[in-house]
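J.: Chains as they are written, first to last, in the UniProt record's numbering: chain G, 1 to 338; chain F, 1 to 338; chain V, 1 to 338; chain H, 1 to 338.
Hints were generated in silico from the structure; no laboratory data involved. Accuracy of the hints is not assured; some may be wrong.
In this list, chains with the same sequence are indistinguishable; a pair is considered to hold if it fits within one copy or across any two.
Stated by the list, open to error - Cross-link-like lysine-lysine pairs, in silico, DSSO-like; alpha carbons within 27 Å at most:
#1 148 <-> 215
#2 36 <-> 70
#3 118 <-> 199
#4 16 <-> 6
#5 230 <-> 36
#6 230 <-> 6
#7 148 <-> 195
#8 36 <-> 77
#9 199 <-> 77
#10 89 <-> 118
#11 148 <-> 27
#12 6 <-> 89
#13 199 <-> 89
If you're wondering where the values come from, they're calculated on a predicted model, not measured in any experiment.
Number of protein chains: 4
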Amino acid sequence: MVIVMKNNATEEQIKKVIERVESLGLKAHPIYGQEKTIIGVIGDENILRAHPVNPYEGVEEVKSIAKPFKFASREFKQEDTIIDVNGIKIGGGNFVVMAGPCSVENRDMLFETAKRVKEAGASILRGGAFKPRTSPYDFQGLGEEGLKYLKEAAIEYNMAVITEVMDARDIELIDKYADIFQVGARNMQNFTLLKELGKTDKPVMLKRGMAATVKDLLMAAEYIIASGNKNVILCERGIRTFETYTRNTVDINIIPSVKELSHLPIIIDSSHGTGRRSHVGPIALAGLVAGADGSMIEVHPSPENALSDGPQSLRFHEFDELMSKMKKYLEFEGRKLS
Amino acid sequence: MVIVMKNNATEEQIKKVIERVESLGLKAHPIYGQEKTIIGVIGDENILRAHPVNPYEGVEEVKSIAKPFKFASREFKQEDTIIDVNGIKIGGGNFVVMAGPCSVENRDMLFETAKRVKEAGASILRGGAFKPRTSPYDFQGLGEEGLKYLKEAAIEYNMAVITEVMDARDIELIDKYADIFQVGARNMQNFTLLKELGKTDKPVMLKRGMAATVKDLLMAAEYIIASGNKNVILCERGIRTFETYTRNTVDINIIPSVKELSHLPIIIDSSHGTGRRSHVGPIALAGLVAGADGSMIEVHPSPENALSDGPQSLRFHEFDELMSKMKKYLEFEGRKLS
Amino acid sequence: MVIVMKNNATEEQIKKVIERVESLGLKAHPIYGQEKTIIGVIGDENILRAHPVNPYEGVEEVKSIAKPFKFASREFKQEDTIIDVNGIKIGGGNFVVMAGPCSVENRDMLFETAKRVKEAGASILRGGAFKPRTSPYDFQGLGEEGLKYLKEAAIEYNMAVITEVMDARDIELIDKYADIFQVGARNMQNFTLLKELGKTDKPVMLKRGMAATVKDLLMAAEYIIASGNKNVILCERGIRTFETYTRNTVDINIIPSVKELSHLPIIIDSSHGTGRRSHVGPIALAGLVAGADGSMIEVHPSPENALSDGPQSLRFHEFDELMSKMKKYLEFEGRKLS
Amino acid sequence: MVIVMKNNATEEQIKKVIERVESLGLKAHPIYGQEKTIIGVIGDENILRAHPVNPYEGVEEVKSIAKPFKFASREFKQEDTIIDVNGIKIGGGNFVVMAGPCSVENRDMLFETAKRVKEAGASILRGGAFKPRTSPYDFQGLGEEGLKYLKEAAIEYNMAVITEVMDARDIELIDKYADIFQVGARNMQNFTLLKELGKTDKPVMLKRGMAATVKDLLMAAEYIIASGNKNVILCERGIRTFETYTRNTVDINIIPSVKELSHLPIIIDSSHGTGRRSHVGPIALAGLVAGADGSMIEVHPSPENALSDGPQSLRFHEFDELMSKMKKYLEFEGRKLS
């Protein structure tokens, strides 16, 4: 860290800060400028974060130098993490497609959808059984019944299952049916949930919060990894901006940022991210060429009758067309669809 | 709701939308303009929200007219809600001060702080026992030990206790020690937690999420009320903006907005909201004159040694000065400190 | 428009609003619901915008139905606008690359850069002569000298010139040297400048403001078109979000939004938009596949010595590589590089 | 500045950066940590900003230490700037009220309004003659005719005039009629306009841009001061946030921030800032107690018929009530209304 002293900081104040830093077992290197003195601090930044010197007289600001996350960082692990879900590879150049309805509404629609998305090239089946809804009056999901259908459809069509976990108490139940736990954007900083998922060994897909930065997202991933589970998949699903024409704003820029800062794979959810059927395809393709490791897409047999997120769900033939484009782009780039 | 059709929508498309609306038990009133047709819909908006017509051909947009929350609305309940916590009144012109350290660090510092803030005029003791920290490497709180200290200090100095609950599994434990449950900004849309707190009868103070609007906040309150608990206190603790000089941006504007839209009391947390000691007082006073029902303030015997949020914690004498100003303003306005 | 009355609005209040609306020459269609009355208004929305009824007693909200822009809308003009700059086509499936240094620093570096970017496939030469700099102490550009170099280099290498105009008084001067006027993000709502540019007949590239929505951008374009100049090119150059790892956040989502709402071409500036050399290529490619009509890219012979924006400028060999990828993608999509 | 090198930066790379820094006449102080090397740089930061080392190999980040503005800073000038407008003092504990209609609509309404706001205690008359309107189809102001009415009304009622300048070409004209130039939020970074206003000696009130930070605002003020005009008044008029219930979000937090960082006075515009009549008073009062140097308020004889911003304009009796409250608060705080 670097401690920046105020212009009028006294020698006494500077001395006290240096003493405090060294009393914590760190080394202080003051640099005296004409106007300002700055103090470079060598050692573990977490110590200074836990015992901040900002309240000391004469301190103007403390600037962090090191990244706040460790295990999630590219510096800690150079090579891309590749996560294996029943043989389906995520990361390291492999491209995975997760598709299915927003919510599991009933057995038939789920089976019909699973069949069609698998035929088109998706290998992971998505579907919400526990739904986080902004309104308590909206459809909240089928619960365990929905989980059973997911598992059955996955077996029938040889897919893996991803579904959302909203509460640490549901982990055990969901663990019986799902292959990947999904943590929603609203729970990105539900630290209790992250720690509990860190104690399992199943892959966790962590969605970026609506107002989170790439560092916030990687810190949330760090919680899971530090608790013992290395199998973290990141997911960009749109941030909140001033734009209202799309539901959220998918941040394609985060893909090269994640690739620089971390070894973890990242998926783009252009369905939730845009909330408009017309945008799902272009943004999914944009993510693919920008380096994303996969795409999550909502598909529904009849969006007009969907119980949630109909406006953004692709119809079967629209999904077929998008998949055929994605396959061509992947081939063109020499990448594999897993 | 109002359904806006596209300029080139056909009669057939308009007809299908009207049929769909009426099949849901709602009444459709089309208005045919020169360029556009709009369809006014009479009936429960939640039905149309659950079965959106956006995916229908020819539909451009659906605009909500009714407020999405009911029990939290001023229309549902005209008079201010006044919450009684062991005789301490919150809302309806009463002004309450919640003060104490960010985290409970040990018994001595808590007792010392409780004594001083009570003397200065605070009636509710705040202090974190379970801490949501952005980094897994930061101090996470004392847990139940911290809760015990809070309860003991509250009894000793005749105060009530407010403390954060981060996980539905902790509700029972915290219930034994606390008088008010606090839900942090990061959990504002942890719907599972909200529903569980709705099953208790203890007051819940719900902090606004960093990217939440006033309607999002009131929808989250609606979750608690709809689950059975009417005792909801709102709290503005700063939103995320592009400003970096302050940690967050306390939105004073939400106070008159809440007063128009809802009957629930609202508290301002200018400590977390600004992250700067110099700003805590001015913003607390601004909140008071704009109509807030109380103030939450962090106080620490020695901010230089605080294990969390030292930079924004007031010293005892600073808190004394602020309280004496707040009392004068309240007196001037003819309001009571509870 | 739709006027939403308050739940407790009286018949008298509703009557007054209807009278007002009709006195403006518009038709009012009230729909009486159980809780709320809404009034659909048929006629020119601009009249109601100019004489808003919000201040009338009993009015809760007024919701706009029509788009606030006309000439810029896809409804007004179905087919894509194709702008012809000395034979270089922009829009309608043609893809154009604008490249060059951030600022014109001297004659040699500009000629060297122009030569190389032209060889690689760029047809329009960019370079700032008047620079909008956040600090008054930063390099402000060479002024007319810079314009001359741009013109000379463009003639030498058979390119067209785009350069920024910051002040209506400079239009005449810049008009002598440039083929396209560029309006920077900070001037997107400098309405005086927009109107004056509307009086010329040269193409104007309008950059989206840092906090602007797609509708704000199209309204700014409307100013230019309504003043007489139809040759407007839109440009996405990154919006401000909470992310700090990139300088701005390029919003790829705006591409399909613009394609739905408008007939105007849109260019992506991934250099200013991301501020990081590593991100320029991936985001340019993402824009291309999402449907953008071109790419603006900063190139510098020696970014280490650039007087502005070195951190994001591509070196010649990096630009060559990116161009060769872009050409392959265009070919793959059956599109032409203009 | 502090240059942070990458974890794997080589000794050669570090050496090159140090050489570059010293070749610019600055001193480099490397601090070698276990993981990272950082290089403290002593000397004028503007030199390094103009010749950034970010493009050098091995450089991870460059962190600024000094403030980017000088003349606007509290460090440059300790005591509050007090601006004198025909004897009306702004800053240094004096509180000024600027009131009047959004636009000058005609002579009568302006005179009537001026008379009433002066009687109530306002000393500066506001009113737009050139209006920045988002839509080209909205009322654009009366131009010079409006300016004349402002001047006449100000003479009649012994007030000073503030009005907006949108274009450098209008400065001379407006200078004949106005006592304070107002720069609107959309022009906060119209650097050409700022420089030209810096050449006059009349006070300039600079409104904060919708996405600007306090440092951006002070940098814009720096442009005016560095060009020769020290008489800068800052104005907070609401930033853009995700909230839609209010038109903008007035950031009260910026008041103590400005007081810490700068010596310039700051005014709160709660009319444009909130866009709701019900919010104007509470936010004006909040600004006053948080330390603002004045309040700008829109008043209209008949908001129902206003040509712009009726929804937020106070009626005469509402303004009277607010002024009487503000006077009491000022008296209570021992401050003077100028």
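J.: Each hint needs a verdict: does it hold in this structure or not?
T.: Comparing the hints with the structure gives:
With identical chains, the CA atoms of residue 148 and residue 215 are never at most 27 Å apart, being 36 Å at best within one copy and 35 Å at best between copies. In this assembly of identical chains, the alpha carbons of residue 36 and residue 70 lie at most 27 Å apart only when taken from different copies (14 Å versus 32 Å within one copy). Proximity of residue 118 to residue 199 under the C-alpha cut-off of 27 Å is found in neither arrangement, the shortest distances being 31 Å within a copy and 42 Å between copies. With identical chains, the CA atoms of residue 16 and residue 6 are at most 27 Å apart within one copy only, with a shortest distance of 14 Å there and 30 Å across copies.
For a Cα distance limit of 27 Å, the shortest separation of residue 230 from residue 36 across copies, 25 Å, qualifies, whereas the shortest one inside one copy, 43 Å, does not. For the homomeric pair residue 230 and residue 6, the shortest alpha-carbon distance between copies (25 Å) is at most 27 Å, but the shortest distance inside one copy (42 Å) is not. In the homo-oligomer, the alpha carbons of residue 148 and residue 195 lie at most 27 Å apart both inside one protomer (26 Å) and across protomers (24 Å), since each shortest distance falls under that limit. For the homomeric pair residue 36 and residue 77, the shortest alpha-carbon distance between copies (16 Å) is at most 27 Å, but the shortest distance inside one copy (38 Å) is not.
In this assembly of identical chains, the alpha carbons of residue 199 and residue 77 lie at most 27 Å apart only when taken from the same copy (21 Å versus 46 Å across copies). In this assembly of identical chains, the alpha carbons of residue 89 and residue 118 lie at most 27 Å apart only when taken from the same copy (16 Å versus 42 Å across copies). Taking the closest pair of Cα atoms, residue 148 and residue 27 never come within 27 Å of each other, the shortest separation being 57 Å inside a single copy and 38 Å across copies. Proximity of residue 6 and residue 89 under a CA criterion of 27 Å is satisfied in neither setting, with 52 Å inside one chain copy and 31 Å between copies.
For the identical chains of this complex, residue 199 and residue 89 are intra-copy neighbours only, at 22 Å inside a copy versus 43 Å across copies, given an alpha-carbon limit of 27 Å.
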